[in-house]
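A.B. asks: Next come the chains, spelled out residue by residue.
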Amino acid sequence: MNKKTIIYITMLSMLLLYPMASLKASPGYNLSVFSPNNVTYDVDIHFSQVTKNATTGDILDLYEIHIIGKIKLISKRMMLDYIGWGFTVNVTVTENNNGDVRESEYNIPIPPIVAVKENTRFIYPTKLSMDLIQGDFGNASMQDILSRVSTNEPYTEIYVYNPFYIEVPVSIGDSIPYGVWNVTSQSGIIVNGRVTSEETITVNGVSYNTYLVNITKAEIINAVREFMDENISIPSGMRFNLGLYYDKDSGWLTKLNTVGGGEISEDNTTTKVILNGNLDLENAGTIMVQNKSYLDRMFGLPPFTFLALDVLFILAIVIIRIKRS
Amino acid sequence: MTKKSFLAGLFISLIAGIPIAFIHDLIGTIVGVVVGAFFASSKKGGGAVGLLTSGPIYLCPYVTPLLLDYLNGSMNLLYLALLVGYMLINIFVIAVIVASLLIGIFFGWIGLKLRERE
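Residue numbers (the numbering used here), protein chains in the order written: chain A, 1 to 325; chain B, 1 to 118.
Each hint should be verified, as a subset may be incorrect.
Here's a subset of chain A near chain B, in silico, CB distances under 7 Å, partners left out [to be verified]:
{"hint": "1", "residue": "31"}
{"hint": "2", "residue": "37"}
{"hint": "3", "residue": "38"}
{"hint": "4", "residue": "314"}
Everything labelled a hint here was simulated from the structure, so no lab data went into it. The beta-carbon is built from N, C-alpha and C at its ideal position, and this holds for glycine as well.
Next up, chain B with everything else stripped away, as it sits in the complex:
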């Protein structure tokens, strides 16, 4: 794994996953993590991509509209904190991040194998 491919994997994961997450959160998260981890091409890099990007991709459709509302002034900070706080204490978010870590490791390993074979 190079530092470059890992960083590229991080950005690619977000760019690939977020538009799909706005249609279906889980599909978007999985597609983003798979593509990012594949580009990172290592078990460590893939795992890190899964760990770091799954949360933002998965939560993006929920948080973005709330944040825009807050920035537009149509929602106050207390309500934003209450609604985002509810989301953060949900145990399913942790399950998604752990699953993404494992998917990231697997697809990072596939990317690595491909690179080694070629």
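Okay, chain A solo, but in the shape it has when bound:
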């Protein structure tokens, strides 16, 4: 192999490496979406349920919950094509139960306990998390649990569609599945969201070009219909909409908002339910939102700068090494 051949092979490899960050396949997933680190969302969820006497208007029952805080995603490769996702949750929960107001703060680090399969939107629980859920550990000590962490594996019988990213590009009218699926029994609850528009939104002072995916009440009713008792009907006054905004370059979730509620009247009482929730991207972390890597964003550089510099650096090293020999 002569010098020229090596230089040509290196340059070709670098050219192939350069677009890996965003193109890969079309449509396809951005490579960075499978391993989010330091991705922070502002959470603000408010739910209230007020029951009143329909005649007098007196409040018979009041329950309110307000969750506000931050959720941070962390990830770590678990196996060759599975990446473990964990969270740090830092929220304040305010509950009002008939005037009895309680405020609690939660600051919990959750190590990667679910596994995301690369190049899919499937989230699998892990064998460890399934054992914990099923209570198989009984009175096991923390040491026993930690000893299982190093060899933890995905439990591939059940998966959940990952709401944090989608394939890009998509077209208006495309269907995006959400929900849970049991592989063994070939059953589950799948709700199909619909890409309804392309929008430019501003989240925490940053402007994003996004696809808006909407999930409506009708789609949820369709998905759960077969599991519902025929005698149970959904009150006609109830409304619900979930809007998910995905960055057009990376397919990553930048904003989620949900509005829902309605009034149910029965036995001389009226129950009013209101649900409002927002999830706003505060820090994109290692996700290549707007084609900017973590390092580009940290140093305030344009998209692809660090990757381009890295490719040039590698080329320079190979050329220098070959010329010196």
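Please build the complex by placing chain B on the supplied structure of chain A, with the hints as guidance.
C.D. replies: Structure of chain B alone, referenced to chain A:
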């Protein structure tokens, strides 16, 4: 192998691998080790580059944000220890380091052959 080329290989491996590791951990680790080992130009040097740099490159995207959070004061030391501890007891990290050692030896040998032939 000279001491200089080995040390240069170590630094080059880190500089070449870390920016790519922030996009894809395994690709970043492999690219870093290949370039560093190629520059070290010996089986021993390449193996050492693979052994020493694969861990930092591979874990960089996970540890850096946590460390920055700790330094900013938004995460306490206990949580940092818990999350980093989880990562260190993962058996896949050892598999990546062993694979990088072998890749390093191979590309170190290629670098050596190239130098000898020229």
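A.B. asks: Any hints this thing doesn't respect? Which numbers, in order?
C.D. replies: none
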